[in-house]
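Undergrad: Protein chains in written order, with the numbering used here: chain D, 1 to 296; chain A, 297 to 599; chain B, 600 to 907.
Any given hint might turn out to be false.
Reference excerpt, derived from the structure (chain B facing chain D, CB under 7 Å, subset only) [said to hold, decoys possible]:
hint: 1; residue: VAL636
hint: 2; residue: GLN637
hint: 3; residue: ILE704
hint: 4; residue: ALA880
hint: 5; residue: ILE887
FYI, nobody ran anything at the bench for these hints, they're computed from the structure.
Remember, predicted model here, so these are calculated numbers, not experimental data.
The beta-carbon is built from N, C-alpha and C at its ideal position, and this holds for glycine as well.
Take a look at the letters that make up each chain.
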Amino acid sequence: MFGLCALAGVLVVLTLVDVVLQLVNNAQPAISKFGLGFVTSSTWQPNFGVEGVLALLYGTVVISLIAVVLATPLGIAIALYLSMMAPPRVRTVVGPLVELLAAVPSIIYGFWGLVVLVPFIDKLEPGLHSALGFIPLFGPASPIGISVFTAGLVLTVMILPIISALSRDLFLTVPSELKDGAAALGATQWEVIRGIVLPTTVSGVTAAVVLGLGRALGEAIAVSFVIGDVTRIPKSLFDPGASIASEIANQFTSPVNALHTASMFYAGLVLVVIGMLTSVAARTIAGRFDVSQRVI
Amino acid sequence: MTDWDRTASQIHRAEEARRRIRIRTEPVLPVITAPPAGNGAATLQEHAVVFDIRNVSIYYGQNRALAGTSLKIYRNQVTAVIGPSGCGKSTFIRSLNRMNDAIPGFRIEGQVLYHGHDLYGGNANRVEVRRRIGMVFQKPNPFPKSIYDNVAWAARNLGMKQRLDDRVEQALRQSALWEEVKDRLKDSALGLSGGQQQRLCIARAIAIEPDVLLLDEPASALDPVATASIEELMHNLKHRFTIVIVTHNMQQAARVADRTAFFSLDMTGPARVGTLIEYNDTDTIFRSAADPRTRDYVAGKFG
Amino acid sequence: MSATSETALLEGMPFDPTAPLTPSGNLRRRTSVSRFVQITATAAAVFAVAVLLIVLYGVVSRGASALSFGFVIHNPSGLAGGGIFNSLLGTLEIVAIGALIALPIGILTGLYLTEFAGPRSRTAAALRFALDIMAGLPTIIVGLFVYGLIVIPQHRQSGFAGAVALAIVMLPLMARSSQEVLLLVPGSLREAADALGVSRWRTVLSVILPAAFGGILTGAILATARAAGETAPLLICDSIGYNPFATELNPFHGVPSVSMFIYQSYDLPLAQAVTRAWGAAFVLMMLILIANVLARLILARSRAKMGR
Numbered sequence: 001m002f003g004l005c006a007l008a009g010v011l012v013v014l015t016l017v018d019v020v021l022q023l024v025n026n027a028q029p030a031i032s033k034f035g036l037g038f039v040t041s042s043t044w045q046p047n048f049g050v051e052g053v054l055a056l057l058y059g060t061v062v063i064s065l066i067a068v069v070l071a072t073p074l075g076i077a078i079a080l081y082l083s084m085m086a087p088p089r090v091r092t093v094v095g096p097l098v099e100l101l102a103a104v105p106s107i108i109y110g111f112w113g114l115v116v117l118v119p120f121i122d123k124l125e126p127g128l129h130s131a132l133g134f135i136p137l138f139g140p141a142s143p144i145g146i147s148v149f150t151a152g153l154v155l156t157v158m159i160l161p162i163i164s165a166l167s168r169d170l171f172l173t174v175p176s177e178l179k180d181g182a183a184a185l186g187a188t189q190w191e192v193i194r195g196i197v198l199p200t201t202v203s204g205v206t207a208a209v210v211l212g213l214g215r216a217l218g219e220a221i222a223v224s225f226v227i228g229d230v231t232r233i234p235k236s237l238f239d240p241g242a243s244i245a246s247e248i249a250n251q252f253t254s255p256v257n258a259l260h261t262a263s264m265f266y267a268g269l270v271l272v273v274i275g276m277l278t279s280v281a282a283r284t285i286a287g288r289f290d291v292s293q294r295v296i
Numbered sequence: 297m298t299d300w301d302r303t304a305s306q307i308h309r310a311e312e313a314r315r316r317i318r319i320r321t322e323p324v325l326p327v328i329t330a331p332p333a334g335n336g337a338a339t340l341q342e343h344a345v346v347f348d349i350r351n352v353s354i355y356y357g358q359n360r361a362l363a364g365t366s367l368k369i370y371r372n373q374v375t376a377v378i379g380p381s382g383c384g385k386s387t388f389i390r391s392l393n394r395m396n397d398a399i400p401g402f403r404i405e406g407q408v409l410y411h412g413h414d415l416y417g418g419n420a421n422r423v424e425v426r427r428r429i430g431m432v433f434q435k436p437n438p439f440p441k442s443i444y445d446n447v448a449w450a451a452r453n454l455g456m457k458q459r460l461d462d463r464v465e466q467a468l469r470q471s472a473l474w475e476e477v478k479d480r481l482k483d484s485a486l487g488l489s490g491g492q493q494q495r496l497c498i499a500r501a502i503a504i505e506p507d508v509l510l511l512d513e514p515a516s517a518l519d520p521v522a523t524a525s526i527e528e529l530m531h532n533l534k535h536r537f538t539i540v541i542v543t544h545n546m547q548q549a550a551r552v553a554d555r556t557a558f559f560s561l562d563m564t565g566p567a568r569v570g571t572l573i574e575y576n577d578t579d580t581i582f583r584s585a586a587d588p589r590t591r592d593y594v595a596g597k598f599g
Numbered sequence: 600m601s602a603t604s605e606t607a608l609l610e611g612m613p614f615d616p617t618a619p620l621t622p623s624g625n626l627r628r629r630t631s632v633s634r635f636v637q638i639t640a641t642a643a644a645v646f647a648v649a650v651l652l653i654v655l656y657g658v659v660s661r662g663a664s665a666l667s668f669g670f671v672i673h674n675p676s677g678l679a680g681g682g683i684f685n686s687l688l689g690t691l692e693i694v695a696i697g698a699l700i701a702l703p704i705g706i707l708t709g710l711y712l713t714e715f716a717g718p719r720s721r722t723a724a725a726l727r728f729a730l731d732i733m734a735g736l737p738t739i740i741v742g743l744f745v746y747g748l749i750v751i752p753q754h755r756q757s758g759f760a761g762a763v764a765l766a767i768v769m770l771p772l773m774a775r776s777s778q779e780v781l782l783l784v785p786g787s788l789r790e791a792a793d794a795l796g797v798s799r800w801r802t803v804l805s806v807i808l809p810a811a812f813g814g815i816l817t818g819a820i821l822a823t824a825r826a827a828g829e830t831a832p833l834l835i836c837d838s839i840g841y842n843p844f845a846t847e848l849n850p851f852h853g854v855p856s857v858s859m860f861i862y863q864s865y866d867l868p869l870a871q872a873v874t875r876a877w878g879a880a881f882v883l884m885m886l887i888l889i890a891n892v893l894a895r896l897i898l899a900r901s902r903a904k905m906g907r
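Construct the entire structure; sequences and hints are all you get.
TA: In structure tokens form, the structure reads like this:
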């Protein structure tokens with residue numbers, strides 16, 4: 001039995017190694033043609049045989065940052081509510097409901113995003129632009145609400161349960177004797193949270209956020225529905241754009257030529273590298289907290 | 297009134313006014329030395345009733361943990377609560393600063409009057425209660441912060457930002473910890489020994505100058521040397537605070553307390569309920585207790 | 600001011616202990632700050648639940664009109680008619696094959712990490728690291744990987760390739776949940792078996808696995824439910840080469856799936872087709888929700904049994 005188990009472990013590691021190998025192999029034509037310029041060029045025009053991933057990289061990073069900026073305070077707030085404020089009966093209902101957000105498949109988020117969220121954002125964007133337009137980030141609204149901003153919102157909803165569930169676990173591990181000690185000193189609940197709960201769990205929560213970030217970076221389907229498939233660096237949040245994952249989803253099934261396919265593998269490789277960096281960052285920051293993805 | 301009396305009372309009033317002004321501009325803890333000299337008003341305060349506990353019963357859900365208990369706790373005294381384990385001592389003391397509120401199913405009957413105000417009354421603010429009535433727990437629970445920040449934390453919350461360094465130093469001195477930590481205030485509190493951590497917990501409780509200090513078996517997790525140092529503190533601290541201390545070590549009570557309350561389990565009813573058996577001066581409890589159960593307990597016949 | 604409160608101040612206290620127990624000093628402000636935080640946190644939770652309900656409502660309201668019993672048991676016909684029978688069958692088949700691959704390997708890996716590797720073992724640490732990375736792989740990259748591994752050599756997309764891709768998505772989830780559950784099995788069980796001289800593997804098979812069964816089953820259901828909803832790997836490995844109107848059971852051909860059905864339906868211009876897509880989304884959503892609820896129930900029962 002030991003042999004079997006060890007074999008399983010070896011299989012896991014081999015698969016991972018092979019993932020990288022496959023990507024590199026199939027990206028070969030593009031790597032030899034574009035080299036590292038691939039990463040610095042923002043021209044993605046397969047019809048002309050020119051591919052550079054910068055615009056896609058930019059889109060990937062922007063929508064992921066939007067998602068993290070919005071989902072982190074939301075997720076922490078929800079986690080605080082569930083772990084410290086909610087009455088027990090509410091907790092048993094609301095907790096699983098928030099986690100169910102993670103069970104919704106990405107295609108449904110994409111679909112729903114396109115049909116429900118986009119028209120809503122379409123109405124919202126002109127208002128946001130007139131209110132915040134002095135910041136170049138909030139430029140004129142695109143004609144139909146399909147934009148980098150919308151993609152960021154969809155991603156926010158998708159990574160919210162990750163941050164919330166993991167943070168809630170962390171907050172529950174703060175020893176009650178510490179919270180009692182703080183309360184006995186005449187501190188309000190917020191002071192207990194600010195002075196004891198949050199500082200004690202900061203590295204774990206950071207790791208949870210980085211995990212959410214990783215998820216956002218790699219999401220393809222949901223984003224492809226609402227980001228607009230425009231391979232240019234977006235000038236404002238309300239412009240359409242493209243991310244690496246969404247572009248692969250959009251173009252892989254109908255490539256222009258073999259170089260195009262190879263470039264998509266190359267883009268995938270770039271995405272994996274970024275993803276691995278964030279994963280490594282999560283592990284180093286987490287330190288002694290084993291904040292791995294919960295299943296149950 | 298004679299001229300002499302009139303002048304004396306004028307001088308007295310002027311003194312009071314001067315002292316009042318001094319106190320408002322110097323938010324520093326006065327150094328504890330000897331008890332205040334015989335001064336009419338101060339003596340009155342010294343033995344005023346701080347807690348008037350009237351027929352208090354405590355329930356957790358359906359279970360009654362504490363039977364109808366009545367006693368008075370007096371200012372600037374150390375009141376010990378002794379008795380065998382499981383007889384409601386911890387429940388009792390925790391109900392004095394509403395630390396039982398978070399326990400599910402907790403219910404209290406009767407009244408706990410603090411300076412005449414009902415602790416569990418409708419307009420009693422729980423946080424305010426805990427600000428005035430501090431607590432040190434059985435197991436030392438220092439925050440994972442520096443020694444300085446542990447002591448200063450609650451004071452900062454309360455807005456006591458002036459001369460914080462002095463306040464921290466005073467608190468540490470009064471807990472007999474200053475000499476040991478004065479050179480490493482920025483070090484983590486978790487690096488201290490058990491006895492030091494407990495004295496740190498006492499320091500951070502007194503740093504905000506509460507009215508009452510509750511200690512729930514503060515030395516039970518400590519070695520004898522640390523225990524002795526905690527006991528010594530009681531003698532000094534009681535001049536400044538009213539102290540209630542739960543202990544399962546009756547010799548400790550005998551050494552430290554002015555008055556002692558003996559709790560035990562009442563087995564006569566359908567269920568075991570913690571009950572106050574006897575409450576008197578410590579000497580009386582230990583030498584000539586009225587109730588046979590008390591006499592048995594202090595003689596070591598059970599516990 | 601009364602005489603007693605004057606003397607209280609005399610003794611240098613920062614407050615008057617005989618005053619009523621209403622907030623003194625800065626407590627009023629601090630309480631309102633704390634209250635504000637509570638309201639914000641509650642609002643955040645309400646918001647999250649609201650979003651979930653809005654999404655669910657969106658799917659249900661749009662998909663309900665397409666639903667009928669026939670929807671589930673008929674194949675698509677014409678541009679916008681018929682049902683999703685072949686896609687449902689396809690998803691079931693692909694997910695089943697994927698589970699067949701991922702579950703044993705995942706459980707074995709979990710066993711290795713809890714039963715056979717020492718707590719300080721470096722191989723165990725490396726393996727956990729690898730599992731974390733695998734869990735964090737974007738599903739579209741997994742699709743690309745299997746494309747290169749299987750689709751290119753075979754010169755065709757297939758349900759099997761899709762199944763392998765889903766297996767890679769499921770594997771880390773299975774391994775993680777197996778680990779969690781196995782760690783919950785009390786050490787006393789293992790000690791008792793050791794004391795009786797029972798060999799390791801026999802202990803595992805006859806004592807530990809049965810005790811952990813509920814939790815492992817839960818993990819399996821959750822991992823499978825997750826895989827059933829994955830679209831990206833199928834988009835890369837199994838989106839062409841099948842007849843969208845016919846049932847296809849051979850996994851080495853292209854096999855239709857519910858997620859691809861939804862993905863591709865949306866492009867069709869007819870409103871009917873869109874409704875059909877929503878119907879499929881509704882069915883998929885229901886299956887996943889039921890699986891999640893079921894998994895939680897099983898978990899609660901197995902936790903109660905282990906006396907947790």
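Undergrad: Run every hint past the structure and note whether it holds.
TA: Structure-based check of each hint:
| no. | hint | verdict |
| --- | --- | --- |
| 1 | VAL636 | holds (4 Å) |
| 2 | GLN637 | holds (6 Å) |
| 3 | ILE704 | holds (5 Å) |
| 4 | ALA880 | holds (5 Å) |
| 5 | ILE887 | holds (6 Å) |
Violated hints are absent here; each numbered hint is respected by the structure.
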